[in-house]
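Protein chains in written order, with my numbering: chain L, 128 to 290; chain Y, 11 to 170.
Among the hints, erroneous ones may be present.
Claimed, not checked - Some, not all, of what chain L presents toward chain Y, calculated at C-beta under 10 Å:
1) His-150
2) Phe-151
3) Leu-163
4) Gly-197
5) Gly-214
6) Trp-222
7) Ala-223
8) Ile-236
9) Arg-260
10) Gly-263
11) Ser-287
Hints were generated in silico from the structure; no laboratory data involved. If you're wondering where the values come from, they're calculated on a predicted model, not measured in any experiment. Positions of the beta carbon are idealized from the N, C-alpha and C atoms, including for glycine.
Next come the chains, spelled out residue by residue.
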Amino acid sequence: MNRARLASVLLGIGFGFLLSWAHFVDPDQIRRMLLLQEPYMWEFFAAAVVVGFVGIRLMRRARVRSLLTGEPVRWSVAKPERRHVVGAAIFGVGWAVSDVCPGPVAAQIGQGIVWSLPLIAGVAIGVALHFRREEGSAPAREPESRGPAPLKAGTPLPASSAD
Amino acid sequence: MSHTLLQRPAWYVIGPLMGLIVIAAFALLNERVGVIGGFSDVVERLTGRRSVLGWKAWFVFGIVGGALVFRLLAGGATVRHGHHFSWLTRELSGGSGGLVAGGVLLVAGVLIGFGSKTASGCTSGNGLGGCSTGSPGSLVATGTFMAVAIAVSFLIRAVT
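Produce the entire structure from the sequences given, and follow the hints as far as they go.
Encoded structure:
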């Protein structure tokens with residue numbers, strides 16, 4: 128396993144552990160948040176984003192280079208488009224019905240919760256439907272997400288989907 | 011140890027720790043975290059759309075592993091409702107109800123997968139990662155999925 132894969136797995140282990148510890152794998156807890164009955168997850172989300180927002184800007188200002196790619200820390204931003212609203216609305220319906228989103232569903236699999244199996248199958252079908260639809264309406268909007276993924280030039284990191 | 015782990019930590023502990031994961035993804039890989047992208051990598055690999063799994067697929071494998079590690083350390087899962095999972099499985103319990111609940115969860119999963127791919131991110135990618143970068147598209151997507159999920163949750167409660 129190369130260093131980039133190992134780093135990705137370790138990041139995921141941390142992410143999955145935190146999701147589990149904070150009970151975000153429990154659909155009832157997500158439902159209480161969405162029914163505005165408890166502030167825990169809103170507070171969590173705000174704290175996480177504030178720390179992330181400040182932290183990555185401090186790294187950029189200090190011209191920190193990413194450890195494994197050697198590039199200066201940087202990111203690109205997207206202008207709001209119709210797909211952000213339409214896609215997010217469709218996602219929001221699925222989230223409210225199941226009270227689970229993609230991170231927690233992966234953590235549920237790890238915790239051995241069998242109800243996550245139909246969900247994860249559905250997520251895979253939904254992703255495949257997205258590609259079918261996109262490939263049916265040429266030209267594709269995200270050509271970089273199609274075809275075999277090349278390794279990023281000069282880095283050991285296999286490129287992922289943009290999402 | 012297990013007693014401590016089965017109690018959820020305060021938001022001001024777990025929130026910043028999650029923020030550190032966002033920071034670490036940039037510090038190590040110069041990448042925005044995202045989970046649906048990992049699922050997408052696997053689907054693309056299985057359908058021949060890509061030849062190599064991207065880093066997010068490995069990130070998702072790590073999430074599965076991290077949750078397994080948690081369960082082993084904590085001595086139990088963090089969903090403990092007997093054989094129930096959510097409001098859905100309680101509403102549809104008995105007889106063929108479980109099968110229907112599984113079907114509804116499958117459809118919900120399709121909406122989650124299709125919708126978050128279309129919006130280029132889920133609660134992790136647009137929510138945690140995208141909002142941390144201050145991407146306007148992610149801010150709009152996050153506001154939309156949160157507002158829609160709140161509205162639909164109230165609707166579900168009203169009709170059940």
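To see whether the hints hold, each was checked on the structure:
1. His-150: Because about 5 Å separates L/His-150 from the closest Cβ in chain Y, which is inside the 10 Å limit, the hint holds.
2. Phe-151: This hint holds: L/Phe-151 lies near chain Y, its Cβ roughly 8 Å from the closest one there, short of 10 Å.
3. Leu-163: Holds: closest Cβ of chain Y sits about 7 Å from L/Leu-163, inside 10 Å.
4. Gly-197: holds (9 Å)
5. Gly-214: holds (3 Å)
6. Trp-222: Holds - the Cβ of L/Trp-222 comes within 10 Å of chain Y, reaching about 5 Å at its closest.
7. Ala-223: Holds. Min distance 4 Å.
8. Ile-236: holds (5 Å)
9. Arg-260: holds (8 Å)
10. Gly-263: Given a least distance of 14 Å, the restraint on L/Gly-263 is violated.
11. Ser-287: Constraint on L/Ser-287 satisfied, holds at 3 Å.
Taken one by one, the earlier hints fail for this structure only at number 10.
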